[in-house]
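Residue numbers (our numbering), protein chains in the order written: chain A, 10 to 204; chain B, 10 to 204.
In short, the hints are calculated from the structure, not lab data.
Note that the coordinates shown come from a computational prediction; the quantities given were computed from them, not determined experimentally.
Some hints here could point you the wrong way.
[Said to hold, decoys possible] Restricting the straight-line Cα-Cα distance to at most 25 Å, the calculated cross-link-like pairs of lysine to any residue (SDA-like) are:
1) Lys53(A) to Leu30(B)
2) Lys53(A) to Ala102(B)
3) Lys43(B) to Gln16(B)
4) Lys53(A) to Ala29(B)
5) Lys53(A) to Gly26(B)
6) Lys53(A) to Pro111(A)
7) Lys53(B) to Arg97(A)
There are 2 protein chains.
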Amino acid sequence: MDHSILQATRELLDEVGYRALTVDQVAARAGVGKAAIYRRHGSKAEMVFVATMHEQQLPPWAGTGSLHGDLLALVRAFHARMAAPAARRLAPALIGELAVNPELNARFRDTFLAAEQAAFADIIDQAVARGELAGPVDPAMAHLLLLGSLASALYILDLPVDDAMVTDLAAAAAAGMTALADLHRGDPDGSARPR
Amino acid sequence: MDHSILQATRELLDEVGYRALTVDQVAARAGVGKAAIYRRHGSKAEMVFVATMHEQQLPPWAGTGSLHGDLLALVRAFHARMAAPAARRLAPALIGELAVNPELNARFRDTFLAAEQAAFADIIDQAVARGELAGPVDPAMAHLLLLGSLASALYILDLPVDDAMVTDLAAAAAAGMTALADLHRGDPDGSARPR
Numbered sequence: 010m011d012h013s014i015l016q017a018t019r020e021l022l023d024e025v026g027y028r029a030l031t032v033d034q035v036a037a038r039a040g041v042g043k044a045a046i047y048r049r050h051g052s053k054a055e056m057v058f059v060a061t062m063h064e065q066q067l068p069p070w071a072g073t074g075s076l077h078g079d080l081l082a083l084v085r086a087f088h089a090r091m092a093a094p095a096a097r098r099l100a101p102a103l104i105g106e107l108a109v110n111p112e113l114n115a116r117f118r119d120t121f122l123a124a125e126q127a128a129f130a131d132i133i134d135q136a137v138a139r140g141e142l143a144g145p146v147d148p149a150m151a152h153l154l155l156l157g158s159l160a161s162a163l164y165i166l167d168l169p170v171d172d173a174m175v176t177d178l179a180a181a182a183a184a185g186m187t188a189l190a191d192l193h194r195g196d197p198d199g200s201a202r203p204r
Numbered sequence: 010m011d012h013s014i015l016q017a018t019r020e021l022l023d024e025v026g027y028r029a030l031t032v033d034q035v036a037a038r039a040g041v042g043k044a045a046i047y048r049r050h051g052s053k054a055e056m057v058f059v060a061t062m063h064e065q066q067l068p069p070w071a072g073t074g075s076l077h078g079d080l081l082a083l084v085r086a087f088h089a090r091m092a093a094p095a096a097r098r099l100a101p102a103l104i105g106e107l108a109v110n111p112e113l114n115a116r117f118r119d120t121f122l123a124a125e126q127a128a129f130a131d132i133i134d135q136a137v138a139r140g141e142l143a144g145p146v147d148p149a150m151a152h153l154l155l156l157g158s159l160a161s162a163l164y165i166l167d168l169p170v171d172d173a174m175v176t177d178l179a180a181a182a183a184a185g186m187t188a189l190a191d192l193h194r195g196d197p198d199g200s201a202r203p204r
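Throw the hints in and build the complete structure from the sequences for me.
And the structure:
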């Protein structure tokens, strides 16, 4: 039943879009009762979030042998996912929903955001071990530099983003992380502030 | 009348928030007819955007004598504005609205975004003239690195952002812009791609 609900949600998102989508439509398409949906998902927003983003695996990232290479592989994989037409259509509405729906926000932080920041922590650890970075960098800051700027470009400013731009973002993030590692050399967590 | 409409909008935003705000309330508070409001602003979203953001002047930025100093002054001024409680409450709903309201989007691009990118172009020109940058950098990319990452932190991820984090963002953006200037040395517009 889980699968049929999420599949119906994805189909209807493509057909009618986020705003027009209703839980009733999903229940009818999936052949289940509305109560069954609400037992699994607290709201339409959470159902859509799970159907489109939460189920996806993180792309492979590390292991290219350089900080710049790892960041480029990571941002290319995220760009392919984040710039998909369905994601671009959905994200601005989800951003509005995240701000007013604490349960959706908690799920977003604990699953999606935590996994993304952990990927940056892995890349940073490997770069420190290779001696490419003078010390640790705050993974949340690295995440913002690379994927935060990309999210703003796609979902707030609605800019066209091509591979040349993604490549520049990776080069700039690598240089920025290198500068922060130098700046905070000796700080145990790679940042000047208490955490 | 323009002033009274915008003043009433700002007061009601503080009192009831964006979602609950109606054009009827603003008309009543300002003592004008609804038609007068709709002649000036195409929608509630546009009226709110003009009342909260469009009227504001850009903060002073350049002239500190270094790329890093200029970026730090700029991002501190924007942070003070962007992290204000009213802006944090309003922005996620406006992001959702921008994606579905082409008129609001056009106004946002032509006024707000264009002025922000022009500020970066000025800072870049001065850094090139001082010899701090090897050549021009795409102002849109510099804007994304510094303010795009900040906007994601504040409005998408809802992270706490303090002055230490803003200072790190300025240092990382300066290093990233320096790397991109080296990478694209010889390109006339500071980027590898056609514009």
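Going down the list of hints, with the structure as the test:
1. Lys53(A) to Leu30(B): 23 Å, holds
2. Lys53(A) to Ala102(B): 17 Å, holds
3. Lys43(B) to Gln16(B): Holds, because 15 Å separates the two Cα atoms, which is no more than 25 Å.
4. Lys53(A) to Ala29(B): 20 Å, holds
5. Lys53(A) to Gly26(B): Holds: lysine 53(A) and glycine 26(B) sit about 22 Å apart, inside 25 Å.
6. Lys53(A) to Pro111(A): 14 Å, holds
7. Lys53(B) to Arg97(A): Distance of about 23 Å is within 25 Å: holds.
Checked against the numbered hints given earlier, the structure satisfies every one of them.
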